[in-house]
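Required output: the full structure, derived from the provided sequences and hints.
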Amino acid sequence: QVQLKETGPGLVQPTQTLSITCTVSGFSLTSYYMQWVRQTPGKGLEWMGFIRSGGSTEYNSEFKSRLSISRDTSKNQVFLKMNSLKTEDTGVYYCARDHILWPWDAWGQGASVTVSS
Amino acid sequence: DIQMTQSPSFLSASVGDRVTINCKASQNINRYLNWYQQKLGEAPKLLIYNANSLQTGIPSRFSGSGSGTDFTLTISSLQPEDVATYFCLQHNSWPYTFGAGTKLELK
Numbered sequence: 001q002v003q004l005k006e007t008g009p010g011l012v013q014p015t016q017t018l019s020i021t022c023t024v025s026g027f028s029l030t031s032y033y034m035q036w037v038r039q040t041p042g043k044g045l046e047w048m049g050f051i052r053s054g055g056s057t058e059y060n061s062e063f064k065s066r067l068s069i070s071r072d073t074s075k076n077q078v079f080l081k082m083n084s085l086k087t088e089d090t091g092v093y094y095c096a097r098d099h100i101l102w103p104w105d106a107w108g109q110g111a112s113v114t115v116s117s
Numbered sequence: 001d002i003q004m005t006q007s008p009s010f011l012s013a014s015v016g017d018r019v020t021i022n023c024k025a026s027q028n029i030n031r032y033l034n035w036y037q038q039k040l041g042e043a044p045k046l047l048i049y050n051a052n053s054l055q056t057g058i059p060s061r062f063s064g065s066g067s068g069t070d071f072t073l074t075i076s077s078l079q080p081e082d083v084a085t086y087f088c089l090q091h092n093s094w095p096y097t098f099g100a101g102t103k104l105e106l107k
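Protein sequences, first through last, are from chains A and B.
Using my numbering, read the first sequence as starting at 1 and increasing by one per residue.
Using my numbering, read the second sequence as starting at 1 and increasing by one per residue.
A portion of the hints provided could be inaccurate.
As the list claims (entries may be wrong) - What follows is a list of derived Cβ distance ranges for each label pair:
#1 Ser53/B with Gly44/A: 20 to 26 Å
#2 Glu42/B with Glu88/A: 20 to 26 Å
#3 Ser117/A with Gly57/B: 41 to 47 Å
#4 Asn83/A with Gln3/B: 25 to 31 Å
#5 Gln3/B with Ser56/A: 24 to 30 Å
#6 Phe10/B with Ile100/A: 41 to 47 Å
#7 Ser74/A with Val15/B: 45 to 51 Å
#8 Leu101/A with Ser65/B: 16 to 22 Å
No wet-lab data here; the hints were simulated from the structure.
Keep in mind that this is a model prediction, so the values were computed, not measured.
Glycine is no exception: its CB is placed at the ideal position from the N, C-alpha and C atoms.
Written out as structure tokens, the structure reads:
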């Protein structure tokens with residue numbers, strides 16, 4: 001059974017770094033791209049970036065300077081790190097898997113993040 | 001960036017009604033459009049991929065059509081469990097972009 005689950009800190013202070021882990025089961029990270037998306041009150045759903053099945057990454061230029069996506073295939077985990085957080089980064093962060101034959105077919109439930117002092 | 005304009009933002013319909021939701025892309029995205037259903041606190045659920053392919057396990061009352069810039073999600077006979085927010089995603093080219101969502105309620 002395919003499962004994706006995001007875990008994060010819940011509350012982060014402004015200027016700090018956000019770290020979220022997406023733990024997957026039922027498929028291999030070496031066979032799928034993994035996408036990151038966020039949903040904020042101000043901008044709705046925004047694509048953040050992805051890590052390819054081979055391990056290379058692409059980022060939305062909106063976040064490029066402060067975003068990093070990586071993975072540990074041995075632990076079936078994908079990581080999102082974003083620095084210099086602002087209050088407008090408050091929202092829900094999702095990971096989703098992506099394949100050329102089954103594009104964006106499974107998502108996690110999301111990790112809710114509040115940026116506040 | 002490709003802008004996705006989704007309409008309507010809000011829709012109220014009765015059980016058994018035929019419901020249509022639209023997404024319009026600001027430029028050609030071929031057939032690289034997905035439709036999702038999202039209920040509060042749940043993961044988005046893929047309904048339709050590549051404009052008109054029904055995802056495995058999704059009831060046949062859901063269908064998708066369109067290509068290029070204009071796309072439609074149709075629910076042929078609305079059921080109570082279809083109350084949710086629906087959104088589209090273009091995955092033709094990055095930055096991938098989303099429609100703003102349609103909140104569907106029962107009349």
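Verification of the hints:
1. Ser53/B with Gly44/A: 20 to 26 Å: Holds: the Cβ-Cβ distance is about 25 Å, inside 20 to 26 Å.
2. Glu42/B with Glu88/A: 20 to 26 Å: Distance hint for Glu42/B, Glu88/A holds at roughly 25 Å.
3. Ser117/A with Gly57/B: 41 to 47 Å: Once the Cβ atoms are compared, 44 Å apart, the range 41 to 47 Å for Gly57/B and Ser117/A holds.
4. Asn83/A with Gln3/B: 25 to 31 Å: 28 Å, holds
5. Gln3/B with Ser56/A: 24 to 30 Å: 27 Å, holds
6. Phe10/B with Ile100/A: 41 to 47 Å: About 35 Å separates the Cβ atoms of Phe10/B and Ile100/A, which means 41 to 47 Å is violated.
7. Ser74/A with Val15/B: 45 to 51 Å: The hint (45 to 51 Å, Cβ to Cβ) holds, given that Ser74/A and Val15/B are roughly 49 Å apart.
8. Leu101/A with Ser65/B: 16 to 22 Å: The hint (16 to 22 Å, Cβ to Cβ) holds, given that Leu101/A and Ser65/B are roughly 21 Å apart.
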